[in-house]
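Number of protein chains: 2
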Amino acid sequence: MTRPPGDRAARVALGRLGEPGDPRLAALVRELGAEAVFAYLREERDLAGVATDVAARLRGLDPERDLQRAAGLGIRFICPGDAEWPVRLSDLDHAETLNRRGGAPLGLWLRGVGRLDELCERSVSVVGSRSATTYGTSVAGQVAADVAAAGVTVVSGAAFGIDQAAHRGALAGRGPTVAVLACGVDRAYPFAHRDLLTYIADTGVVVGELAPGCAPTRLRFLARNRMIAALSLGTVVVEAAVRSGALNTANWASLLNRTVMGVPGPVTSAPSAGVHELLRTKAASLVTRGSDVLELVSPPGRYLSPPLRAAEEQRDRLSEHDQRVLDAVPVASAASAASLARTAGIGERAVVEALQRLRSGGFVETSADLWRLDSRRHAEDQQ
Amino acid sequence: MTRPPGDRAARVALGRLGEPGDPRLAALVRELGAEAVFAYLREERDLAGVATDVAARLRGLDPERDLQRAAGLGIRFICPGDAEWPVRLSDLDHAETLNRRGGAPLGLWLRGVGRLDELCERSVSVVGSRSATTYGTSVAGQVAADVAAAGVTVVSGAAFGIDQAAHRGALAGRGPTVAVLACGVDRAYPFAHRDLLTYIADTGVVVGELAPGCAPTRLRFLARNRMIAALSLGTVVVEAAVRSGALNTANWASLLNRTVMGVPGPVTSAPSAGVHELLRTKAASLVTRGSDVLELVSPPGRYLSPPLRAAEEQRDRLSEHDQRVLDAVPVASAASAASLARTAGIGERAVVEALQRLRSGGFVETSADLWRLDSRRHAEDQQ
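Chains P and L are the protein sequences, given in the same order.
Throughout the first sequence, residue numbering follows my numbering, covering 2 to 384 in sequence.
Throughout the second sequence, residue numbering follows my numbering, covering 2 to 384 in sequence.
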């Protein structure tokens with residue numbers, strides 16, 4: 002490479018140089034601009050100890066060729082200033098670091114028909130354990146399908162388990178979905194999700210910080226998690242063991258002032274233990290269904306999760322007067338109308354009239370002038 | 002009854018007159034004293050429309066004989082001023098009403114060897130659905146056993162399902178337990194719990210507002226629930242459908258400024274839906290085990306639930322330097338030492354030395370000068 006690159010190419014080159022989420026590099030680029038940082042580093046002025054053999058490596062790079070090759074694979078590179086750049090990513094520049102990762106990405110590699118900026122306008126990430134249970138994947142899929150059907154983009158990491166269920170749920174809900182990878186977006190990791198990633202690209206977009214061809218490492222997963230959190234209004238954790246990477250994503254969401262949500266499960270299930278810990282420490286809000294999620298990520302008052310209602314009970318349709326008489330009937334024995342009148346605090350004549358109505362409604366039965374609850378009916382669990 | 006009764010007998014008589022938890026009667030007794038209210042009512046001066054045929058009924062009562070008969074059944078009556086009276090019950094006089102129930106009880110009928118005031122000093126109620134799942138009863142039993150083993154009294158309502166599991170768990174934890182009934186404490190409701198109630202009385206105490214012989218009604222269950230909440234520092238709801246009576250107890254606990262706690266379950270399980278609603282609306286704190294409960298009902302800083310720890314992983318014992326190299330190894334492919342050195346930002350010689358240590362530790366393997374993660378090891382879910 003002989004002539005100095007423009008901003009875009011400088012970002013591609015700098016991206017090749019360090020690891021994604023290196024907060025020092027991000028800060029330098031933010032302060033000086035990518036072109037200036039590139040020029041300084043190529044002159045071997047190591048501004049912040051970013052690397053030791055930087056100059057030689059930078060001189061060996063050809064970012065313009067990288068961009069052309071990527072275009073040949075149907076992959077584009079976006080960076081700040083592009084219309085498709087999600088402004089929300091700059092929140093990463095103002096957040097603390099986590100696991101020594103941080104800062105907005107220098108740029109993003111994209112594969113797919115979706116426009117990332119539009120997809121991220123209303124988006125929720127759904128993440129969780131790779132070793133999920135069938136309970137976890139079924140709930141994740143349902144939540145994703147429900148929010149996707151409401152036009153909210155589902156962001157996840159395309160991993161086994163919860164991630165896969167979330168993407169599939171979104172696709173099933175005919176909604177948009179975004180996969181954020183810890184490797185080049187031309188690669189399929191895990192390989193078994195090659196077709197899934199193709200489906201995602203067909204309607205949404207596959208995103209990554211790493212140049213095409215790059216392989217995933219543990220460090221890159223940690224950096225990737227900050228992107229999942231940053232690209233969404235909120236993060237839903239479905240199942241996460243105590244040390245799960247999904248909790249790393251939740252921590253990022255929290256650092257970025259996003260809404261952190263958790264779906265509970267049995268307290269006896271290890272894959273739910275990490276979620277329960279988030280909920281117990283109030284680091285996350287409990288959600289049980291898509292509408293709970295929509296309520297939490299919508300502007301206040303804009304979306305209210307419909308209240309859970311038990312099926313209306315027949316007794317709800319009784320007058321308050323008759324309910325009061327019914328409430329006075331012993332649950333397991335019989336009583337005289339006089340006794341019921343005392344218990345209900347209502348005159349005996351009115352009680353007898355009420356009891357007759359209640360009998361024809363099938364609420365009480367009578368024999369030998371004593372009244373009892375209809376044996377076919379249960380006050381089940383309303384005591 | 003000819004001579005005017007003392008305070009205790011007046012309370013017994015007034016208790017026979019109205020329904021438990023009648024806030025008007027409680028307020029009158031609080032303001033005027035039981036003897037004065039008794040005297041007024043017997044003179045047919047109906048102070049607050051408490052009843053219409055009061056005077057006649059009061060004249061027909063013999064509270065002294067009630068007390069003697071109860072004593073013959075091993076049942077005692079306690080009221081404010083008695084050493085055994087739990088001072089905490091007066092909180093009910095300052096709380097709002099719920100379902101038109103409220104106010105401190107006029108007195109309590111007790112059966113059992115335990116001293117109620119002492120049992121209530123450190124006490125937690127564990128309540129929930131009568132139609133509980135095996136998950137719910139098993140968790141309720143475990144939580145009750147754990148708090149009981151720590152010397153905290155378990156209060157519940159002796160109903161089927163969660164209540165039963167809570168009492169049994171406490172007995173299994175060799176801890177004290179208190180059953181609060183919606184009927185006379187000489188009765189067994191449900192009848193199937195006759196032996197359970199006897200066990201409870203043998204070590205703890207069975208409590209009720211209603212005179213011996215009285216039958217349970219729905220109204221009395223609602224009044225009883227306020228007692229369960231008032232007698233405890235906090236209420237744990239284990240499983241509760243959307244209309245469960247356990248939610249009524251939780252509401253009482255909340256009105257009384259007690260700690261309200263909920264054990265989550267699968268979001269697909271109807272008996273957990275009411276608990277999730279409490280947790281979602283922040284009306285309750287999530288707990289998963291006895292130690293969480295102990296933390297919440299202990300004075301701040303006195304008891305800390307031990308943190309959940311995943312088993313320490315071997316990689317935790319690596320130096321930070323070696324962990325950094327390990328984090329740079331691709332998760333699904335192989336890389337040269339030079340490439341790993343760039344990714345880790347560490348010199349190649351130091352990387353090779355680290356890789357050799359990691360190989361003997363079984364973390365990585367090598368062939369043809371390329372390094373990969375040891376195939377027998379999984380980075381499972383820590384990405």
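Everything labelled a hint here was simulated from the structure, so no lab data went into it.
Any given hint could be a false lead.
Because identical chains share one entry, a pair is satisfied inside a single copy or across any pair of copies.
[Claimed, not checked] Here are the simulated SDA-like cross-link-like pairs (lysine to any residue), alpha carbons at most 25 angstroms apart as the crow flies:
hint	residue 1	residue 2
1	LYS283	ALA40
2	LYS283	ALA96
3	LYS283	LEU256
4	LYS283	ALA271
5	LYS283	GLY302
6	LYS283	ALA193
7	LYS283	HIS95
8	LYS283	THR199
9	LYS283	GLU321
10	LYS283	GLU97
11	LYS283	THR98
12	LYS283	ASP92
13	LYS283	PRO81
14	LYS283	ASP187
15	LYS283	LEU99
Model, not experiment: these values are computed from the prediction.
Status of LEU99 relative to LYS283 across identical chains (alpha carbons, at most 25 angstroms): Only inside one copy: LYS283 and LEU99 sit 20 angstroms apart there, 28 angstroms across copies, limit 25 angstroms.
Homo-oligomer pair classification [THR98, LYS283; C-alpha up to 25 angstroms]: The answer is within: 21 angstroms in one copy meets 25 angstroms, while 30 angstroms across copies does not.
Have a look at LYS283 and ALA271 and pick one of within, between, both or neither, based on CA distance no larger than 25 angstroms. This pair counts as both: shortest intra-copy Cα distance 19 angstroms, inter-copy 24 angstroms.
For LYS283 and ASP187, with the copy left unspecified, which applies at a CA distance of at most 25 angstroms: within, between, both, or neither? neither (39 angstroms within a copy, 44 angstroms between copies)
Please sort LYS283 with GLU321 into within, between, both or neither, judging by C-alpha distance up to 25 angstroms. neither (40 angstroms within a copy, 31 angstroms between copies)
As a check of your reading, is LYS283 near LEU256 (CA-CA no more than 25 angstroms) within one copy, between copies, both or neither? both (14 angstroms within a copy, 22 angstroms between copies)
Give the relationship of LYS283 and ALA40 under a CA distance limit of 25 angstroms: within one copy only, between copies only, both, or neither. neither (47 angstroms within a copy, 54 angstroms between copies)
Tell me, please, which holds for LYS283 and HIS95 at an alpha-carbon limit of 25 angstroms: within, between, both or neither? Only inside one copy: LYS283 and HIS95 sit 23 angstroms apart there, 30 angstroms across copies, limit 25 angstroms.
Taking 25 angstroms as the upper bound on the Cα-Cα distance, should LYS283 and PRO81 be classified as within, between, both, or neither? neither (34 angstroms within a copy, 39 angstroms between copies)
With identical chains treated as interchangeable, where does the CA-CA distance between LYS283 and GLY302 reach 25 angstroms or less: within a copy, between copies, both, or neither? both (22 angstroms within a copy, 18 angstroms between copies)
Is it within, between, both or neither when you check LYS283 against GLU97 at 25 angstroms Cα-Cα? within (20 angstroms within a copy, 28 angstroms between copies)
Identical-chain pair category, LYS283 with ALA193, by Cα at 25 angstroms: Classified as neither; 36 angstroms inside a copy, 40 angstroms across copies.
The structure fails to meet hints 1, 6, 8, 9, 13, 14 from the earlier list, while all remaining hints are met.
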